[in-house]
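Chemist: Sequence:
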Amino acid sequence: MEVTDRIASLEQRVQMQEDEIQLLKSALADVVRRLNLSEEQQAMGSRRGPTKARPMIATLPLRPTVNNGTILPKKGSGTLPSPSGSGSRKDTSAQANKSTVRRANSNEHVGTLTRKDSGDSKGNRTRAGSTGRHNEELKEGYVKMYLKGRPITMYMPKDQVDSYCLEARAELPCTKLKLDWVYGYRGRDCRSNLYLLPTGETVYFIASVVVLFNVDEQLQRHYTGHTDDIKCLNTLHVLGAGFFDRALVCLSFSKSNGGNTLCVVDDSNDHVLSVWDWQREDRLAEVKCSNESVFAADFHPTDSNIVVTCGKSHLYFWNLEKGMLVKKQGLFEKQEKPKFVLCVTFAENGDAITGDSSGNILVWGKGTNRISHVIQGAHEGSIFALCMLRNGTLVSGGKDRRLISWDGSYQQIQMVEVPELFGPIRTIAEGRGETVLIGTTKNFVLQGSLDGEFMPITQGHTDELWGLAVHPWKSQFLTCGYDRQVSLWDSSNHQLIWTKSMEDAAQSAGFHPTGAVVAIGTQIGRWLVLDTDSKDLVTVHTDGNEQLSVMRYGPDGNFLAIGSHDNYIYIYAVAENGRKYSRVGKCSGHSSFITHLDWSVDSQYLVSNSGDYEILYWIPSVCKQVVSVETTRDIEWASYTCTLGFQVFGLWPDGSDGTDINAVCRSNDKSLLVTGDDFGKVHLFSYPCSQFRAPSHVYGGHSSHVTNVTFLYDDSYLVSTGGKDMSVMQWRIV
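Start counting the sequence shown at 1; every next residue gets the next number (the UniProt record's numbering).
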């Protein structure tokens, strides 16, 4: 067995053992809860004397168990379901526990929403028989599904017990989503991805969306045909299907023949260079380019048979001859060879011009592979971008944040330094008239002139995003993430209102109902409150030392609930419109980290989900768990962001491992439900979503996991945030 196979096998075993440990921890926590409940009931009974005290968990008889849409026969008649939906076992015997653990480690249950009736005739007969036997029991009031071997019990409201039908089909929502605006730009790790179109639109990309932005009219158009991260861009058809197994890192159209040919470098180990007649979808030639990274590839402006590539420790001149690409290596001779050749462009006379990691600009004579001129130390540090303007002026930009223009004899004309806030210059493009466009490593697109200042026309985050909150009565939303930036946006004019730097990476956010302040949770247990108008710091607190996944104010504004990765929910009393906080206590009962929280409309109750798929209910004012199903089943929730519950269980797809869905949000008019998943998709469901495998409208755009989704206060727009793609997308409800 190869080392990689052995490692994979060990990883699989470790994962299975982790699942088993988690299952055992959950079972133990459930046993402890049952013991505590039993002790409380005994104490209550002893105080009341001989009066019959019916245990709360016995108020509902057993119902049929639903396994991802299948009604299963009930087990022993003497067993009781867990009132909290925490996944308690059907039998407390040792054999039952062993059976449960084995099931959780079997291929059928780990990583899936289990299905007992997977098409075989026996399963179908069982399902039909079970349906007949248990229709009456289903009306008693709950359904159950499994995630990763864990049973999840979900109780329906009383008024639905008689009318609910498991076999009913959910309907698609009448409304749909349309991508309205994309906030952000990918400049941190991509090059040559900023252009001006003849239409006057600036074109760039982020995530899997190409953005065409009319700056003057403040309008965006979007191309969403890609299915994953866009890594490079050129402006002139889908080709190469089945040929490219990896990402494409460089693209360039030929200039001398009207753009009929396209050169491409992929991200394979050999970084294969291929040349295409793209209109005929015909590959003209291909060759292994380099084992090292390739940063740029471009056609010579006067000869479509010459391609120049550069990258780590190399500069190659390729000549297309009789279906073959013949290489000539650039000779540095007396010039010290740089570690990286980072960019290439061409002079009007056909000379090639390169910028490198040593801060030098080298000129290579037309038709040769030798240096004809050197601008030594043109920049302090790496030169990331070169651009030849229409008037023959060369513009260079680099790590030193300087934009320098050079005349035809390579003498410096002007120098502009970009503020540190915007970051080093990644790419340069010529704009309209005298304007120049700049893309930076901090994901800004700047517009300005060589003799003036540069202003941002697009900006975004520079690291993974998780925090998202909407203003309770304005068209504003707030984002925060691992880049330690908190940003408040205006959704109506698509502008950044303010941004604030933090000391710690941010994980979550929530507005006070008045909108006066917003609470930010970090990854290290610290949380702070900011004034919404001035972004001034109001207060700072610390609870534990793990990430705070949820910050949620009660609808009346008198309490703040904080869900932590340390398994606790911290409760604070709030006064003075969100400016004064005093800790009430912490809700203890979950056996895994808190993932989602929601308040009741009267601010009297909380519901929470955890990493091991528990659903627990609380009275936050006293930090006590509510175990009575009769109390919790009819609570009206002010919001619905929990991924587990009777009103939303239909959003879980077949084959889910329980972690695929990161975020859920119900619209304010309670007609729609939206989810963001690990596959970069936004799903729009009808609400309530209480039928298994409910249909949805599916939307792409994000190229990594969608970390959060939420509706604006008036349901006019939806906002979604991306993880690794660092994007914020605004969708119109149509």
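Treat the hints as calculated values from the structure; they're not laboratory data. No experiment lies behind these values; they were computed from the predicted model shown. It cannot be assumed that every hint is accurate.
[As the list claims (entries may be wrong)] Derived lysine-lysine pairs resembling PhoX-like cross-links, with alpha carbons at most 25 angstroms apart:
#1 144 with 474
#2 255 with 178
#3 366 with 334
#4 670 with 178
#5 322 with 312
Chemist: Each hint needs a verdict: does it hold in this structure or not?
Modeler: Here is how each hint holds up against the structure:
Of the supplied pair hints, the one linking residue 144 and residue 474 is violated, its CA atoms being roughly 39 angstroms apart against a limit of 25 angstroms. Proximity of residue 255 to residue 178 is assessed by CA-CA distance (about 36 angstroms); at most 25 angstroms being required, the pair is judged violated. Between residue 366 and residue 334, the direct Cα distance comes to roughly 19 angstroms. Compliance with the 25 angstroms bound is thereby established for this hinted pair. For a cut-off of 25 angstroms, the pair hint linking residue 670 to residue 178 stands: about 20 angstroms separates their Cα positions.
Taking the CA atoms of residue 322 and residue 312, the gap is about 28 angstroms. The hint is violated against a cut of 25 angstroms.
Hint compliance for this structure: hints 1, 2 and 5 are not met, and every other hint is.
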